[in-house]
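K.L.:
With chain A's structure known, arrange chains B, C and D on it following the hints.
So you can see what is in the structure, the chains are spelled out below.
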Amino acid sequence: MMEKLGPDNLATLKEAVAMLVADGCSLSIGGFTINRNPMAAVHEIIRQKRRGLHLYAHSNGQGVDELVGAGCVDRIEIAYAGSGRFAPTCVRFRRAVEQGRLQVEDYSNYQMTLRFMAGAMGLPFLPTRSGLGTDILTKWGFPAALRRQDETLPDAKVITLDNPFGTWGGAAKLVLVPAINPDVTIIHVQEADRFGNARIQGLTFADIEQARAARRLLITCERLVDDEYLRHRPEHNQVSFLHTDAVVQVPWGAYPTACFNSYDYDPEYLNDYRRAAGDDSTYEKYLKEKILAVRDHFEFLAARKKKSLARLRADPATGYATGLDRR
Amino acid sequence: MMEKLGPDNLATLKEAVAMLVADGCSLSIGGFTINRNPMAAVHEIIRQKRRGLHLYAHSNGQGVDELVGAGCVDRIEIAYAGSGRFAPTCVRFRRAVEQGRLQVEDYSNYQMTLRFMAGAMGLPFLPTRSGLGTDILTKWGFPAALRRQDETLPDAKVITLDNPFGTWGGAAKLVLVPAINPDVTIIHVQEADRFGNARIQGLTFADIEQARAARRLLITCERLVDDEYLRHRPEHNQVSFLHTDAVVQVPWGAYPTACFNSYDYDPEYLNDYRRAAGDDSTYEKYLKEKILAVRDHFEFLAARKKKSLARLRADPATGYATGLDRR
Amino acid sequence: MVAERDYTDREMMAIAAARQIRNGEIVFCGTGISMLAAMAAKKISAPESTIFFETGAIDSRLDEVPLAVADSRVMYHTALNGGLADAFATMQNRFTGEQVVGILGAAQIDPFGNLNSTVIGDYARPKIRFSGSGGACDVASFVNRTIIFMQHEKRKFVNQLDYFTSPGWIDGPGGRRRLGLPGGGPAAVITNLGIMGFGETDRRMYLMAFYPGVSPEEIQQNTGFALDLSRARPCPPPTPEELETLRRHCDPQRLILG
Amino acid sequence: MVAERDYTDREMMAIAAARQIRNGEIVFCGTGISMLAAMAAKKISAPESTIFFETGAIDSRLDEVPLAVADSRVMYHTALNGGLADAFATMQNRFTGEQVVGILGAAQIDPFGNLNSTVIGDYARPKIRFSGSGGACDVASFVNRTIIFMQHEKRKFVNQLDYFTSPGWIDGPGGRRRLGLPGGGPAAVITNLGIMGFGETDRRMYLMAFYPGVSPEEIQQNTGFALDLSRARPCPPPTPEELETLRRHCDPQRLILG
Chain A
1 MMEKLGPDNL
11 ATLKEAVAML
21 VADGCSLSIG
31 GFTINRNPMA
41 AVHEIIRQKR
51 RGLHLYAHSN
61 GQGVDELVGA
71 GCVDRIEIAY
81 AGSGRFAPTC
91 VRFRRAVEQG
101 RLQVEDYSNY
111 QMTLRFMAGA
121 MGLPFLPTRS
131 GLGTDILTKW
141 GFPAALRRQD
151 ETLPDAKVIT
161 LDNPFGTWGG
171 AAKLVLVPAI
181 NPDVTIIHVQ
191 EADRFGNARI
201 QGLTFADIEQ
211 ARAARRLLIT
221 CERLVDDEYL
231 RHRPEHNQVS
241 FLHTDAVVQV
251 PWGAYPTACF
261 NSYDYDPEYL
271 NDYRRAAGDD
281 STYEKYLKEK
291 ILAVRDHFEF
301 LAARKKKSLA
311 RLRADPATGY
321 ATGLDRR
Chain B
1001 MMEKLGPDNL
1011 ATLKEAVAML
1021 VADGCSLSIG
1031 GFTINRNPMA
1041 AVHEIIRQKR
1051 RGLHLYAHSN
1061 GQGVDELVGA
1071 GCVDRIEIAY
1081 AGSGRFAPTC
1091 VRFRRAVEQG
1101 RLQVEDYSNY
1111 QMTLRFMAGA
1121 MGLPFLPTRS
1131 GLGTDILTKW
1141 GFPAALRRQD
1151 ETLPDAKVIT
1161 LDNPFGTWGG
1171 AAKLVLVPAI
1181 NPDVTIIHVQ
1191 EADRFGNARI
1201 QGLTFADIEQ
1211 ARAARRLLIT
1221 CERLVDDEYL
1231 RHRPEHNQVS
1241 FLHTDAVVQV
1251 PWGAYPTACF
1261 NSYDYDPEYL
1271 NDYRRAAGDD
1281 STYEKYLKEK
1291 ILAVRDHFEF
1301 LAARKKKSLA
1311 RLRADPATGY
1321 ATGLDRR
Chain C
2001 MVAERDYTDR
2011 EMMAIAAARQ
2021 IRNGEIVFCG
2031 TGISMLAAMA
2041 AKKISAPEST
2051 IFFETGAIDS
2061 RLDEVPLAVA
2071 DSRVMYHTAL
2081 NGGLADAFAT
2091 MQNRFTGEQV
2101 VGILGAAQID
2111 PFGNLNSTVI
2121 GDYARPKIRF
2131 SGSGGACDVA
2141 SFVNRTIIFM
2151 QHEKRKFVNQ
2161 LDYFTSPGWI
2171 DGPGGRRRLG
2181 LPGGGPAAVI
2191 TNLGIMGFGE
2201 TDRRMYLMAF
2211 YPGVSPEEIQ
2221 QNTGFALDLS
2231 RARPCPPPTP
2241 EELETLRRHC
2251 DPQRLILG
Chain D
3001 MVAERDYTDR
3011 EMMAIAAARQ
3021 IRNGEIVFCG
3031 TGISMLAAMA
3041 AKKISAPEST
3051 IFFETGAIDS
3061 RLDEVPLAVA
3071 DSRVMYHTAL
3081 NGGLADAFAT
3091 MQNRFTGEQV
3101 VGILGAAQID
3111 PFGNLNSTVI
3121 GDYARPKIRF
3131 SGSGGACDVA
3141 SFVNRTIIFM
3151 QHEKRKFVNQ
3161 LDYFTSPGWI
3171 DGPGGRRRLG
3181 LPGGGPAAVI
3191 TNLGIMGFGE
3201 TDRRMYLMAF
3211 YPGVSPEEIQ
3221 QNTGFALDLS
3231 RARPCPPPTP
3241 EELETLRRHC
3251 DPQRLILG
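Residue numbers (the working numbering), protein chains in the order written: chain A, 1 to 327; chain B, 1001 to 1327; chain C, 2001 to 2258; chain D, 3001 to 3258.
Each hint should be verified, as a subset may be incorrect.
In the BS3-like style, the derived pairs of lysine-lysine whose C-alpha atoms are separated by at most 27 Å in a straight line are [claimed, not checked]:
id, chain 1, residue 1, chain 2, residue 2
1, C, 2154, A, 139
2, D, 3154, B, 1139
3, D, 3127, B, 1139
4, A, 173, B, 1173
5, A, 139, C, 2156
6, C, 2043, A, 139
7, B, 1139, D, 3043
8, B, 1288, B, 1049
9, B, 1288, B, 1305
10, B, 1014, B, 1290
Simulated from the structure, these hints should not be mistaken for lab results.
So that you can see chain A by itself, here it is in the shape it has in the complex (with noise of 0.2 Å):
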């Protein structure tokens, strides 16, 4: 086991964006909708003016809407642009779409889950029951030309096999869907060790298939813990060493997402968030002023107030921050 690891500041998350995402390389990132978005990585990547990523998305919600808004995004694949009740369609990606900039294959939740599955099993694909009789399989975003010219595409959006197996398994047909292995993974996490293992507390969303999908993976996480700590209960851990590239310890790297056990969404924030991205201007200027303009994290969180960032703190009792104003 080798560390995984520089000095464990904000400089290494520099650094680590810098290494491993590069233009025109293909990404996912962790989280679903308002929850452990890795934040502070997409800030980063932002910042850094990355140029034409390929984004696999399952409904990863706020992360992928400010990096497809911050123009970094050529395509997409996605199951679900959405911030819950803050956003039931991302703003930006919407807009990106309905001008015609972002080119958009669409997909289930399900069968992103199971192309990151197939992706980390080593897997061209794995069927599901899924979208059989819908456009989903049928309308093509990537066409087939295309497909057939880039070889970082399979060559079918899915395809549809009659049960090889007859009616066992009570299934006629079966909607085959391809495998993703990203270039890069992020994932933010509330416990990491310098190696590379990793724990999640709650939901697991798509991450673990993700991480374990990707040829380069980053970790952030709230608290980088002693390996010991993780190795006392390593039924606890969803991902080893043997899939991490880098770690890089960043409190509050999901703000303004949530994080079980660490800290709630910030409703003003997502609400400002939304209002901003309904214009191009007040867009440019929430992108300049928000994330540009500051160096890092550290910077971006000491911009918001003291004290709306200590109402998020989440209550111990329910993992999230009990009683909340949340309008």
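P.N.:
Chains B, C and D in isolation, oriented as in the chain A frame:
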């Protein structure tokens, strides 16, 4: 959430086995070689003289050999019949196969795991790259004619498929292995509540997949715990009440196999077993005196020397009996 | 011609949906009003139902209403916290899947309960882009019974979907089976005007119930295809107990109720 | 004509195998002597190697030698305790799989390193039944490099396997690729007499090294097919340090060493 439990005693195990395990049904048991086999339930099945079982196993070791030895099993689909150093090949299994008393279908461990996983996922099959070119694919223990007649068997042992996505994923060919949905799965865990939620400590083997694939699920547990306790850290639970039909508290329920953090395997018992199993008459004596003559698992344990159980108790620091004489 | 009421459309919808949930069912919830319906049902008529999220939470204790299916509030005090792979496998699973009722929303619905939650206009260059399927296609594909929330507008109840995201009854009896889809299709569509069902024999949408102050004709006028109105009955208004539960115990901040 | 030695065959075998393990590799271990080899390698020459079990344990701290791959001793103080599905996925995975070296044993081996661990005789009515594949077929299918332990007997080194359980180099160069198998095949066969390799150009087994007191001819006599002996060199005996590590720190109870 409804209670899945009668009174938490061994009478319940008798009832649960009587209710769930019928002659001729298909069964899978959890554990691996000499660890966490549901031995109390296995012995109860033997005492109830179940016959004609169709057993699905990966490397479930001691439990499989005792079920086979007692004549409960007609058909078995299996990856590995061994108990580590205590029996590189399970002795009664070997004898039954060599005497033609057991119909065997061979798979690999991953193939069996994927078959349970397919069953758990509601799929007729899952793909793998394992076994291409080997006799595992081509030599069938259950002949094609039998498979076509018997609707409890898939028509093919495996099916080989050219990768429909061409070179995507780097695999030219896949082996499709058919799903398993056992009539009953039995697993033994460290902790469960009366609603059927369960937590396994240490390795999970294929227990989770086996549990979720089953039509009916029986859980035996070392400790029946309050559901509030399991719900305090629900990310550490692996089986939910949605899948569970019955829960019975059976301390030492995996004995003579090990249960991580609770007790170790019993080298003396396993060595004695191997010796007894080597000969039909000594095996009959074992079966009669050790298993059939006792009323339940409590009596079975009581017949062991107090001291011999005490020295198997797990060291809290390591989860096994540190320094145990294992010769 | 709406009579004076002491409840809002959303409250009526949440309660109408809650009444559809049967005791013992596993309730798949999306974001928003479906979550309130499931919370209310569990507190009123279906105490043994299980609230279940695609994010992997089983039997969440919803002390506060979540604002997304990934809200940390769904992770608290569950029977099991897993991930998406677990959740969808539970729905595709042959034994657990058939106990699930899925509650879905959409931008468009057709007479057979097929849904669009992806685009309006041409897929390649859409006029309006929505969030996309999320888990809706999966749930609609797998489970035995779905309940659908819609705003009742002519442009949303259409003969032909702009994009077919989630399967309902497809094109009528046998449609699902022909495609290889398991389970049943939609049982009810709950709107701000009434409740639609699907005929046993033709699997077409018909008007099952209309809310107080709404006429069947008004519902037909707001529907882009012909509805059979002959079986329509008045829907009882929310009871004071139902309203009390919804307002005080499900969404006191009115985060979803508005 | 065996010279007097202060070590046993098993000790020589364990140490010969340990020397094959490269620092940084992920070592897949089966039961028995392969576990000792991995333990010894980690303590001697490959401290950054990772011991890994098909049961789902990653980087076990083996304070005591496990007597099965499911022994609770493999669960202690690991980086991660998962299950079989995790373990095999790690080996089938395109990025982690190629870092794995698998150590396997078998009942029969052929000139291309293909293995039989299932039956002797006819499969339908075997003369001898063995344990079966376990994870061996999977490991041999997935990983980039395997090391094989065998007892060196003529009836075990055969031209034609009675049952083909685990793929080696199949029928020579390109054999694996033709079948669609990923990764490489066996790198070495370690027996009680010496070490066999596989030719770069023909993928056939040849004699790489013979132990002290064993002659190449003796090895050929115990092999059921022709071995190229021309490249054979003497294998250095275990060093005192190697023996000390193996005996004192790997298997002091001699549970595996006998």
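K.L.:
Which of the listed hints are not met by the structure?
P.N.:
6 and 7
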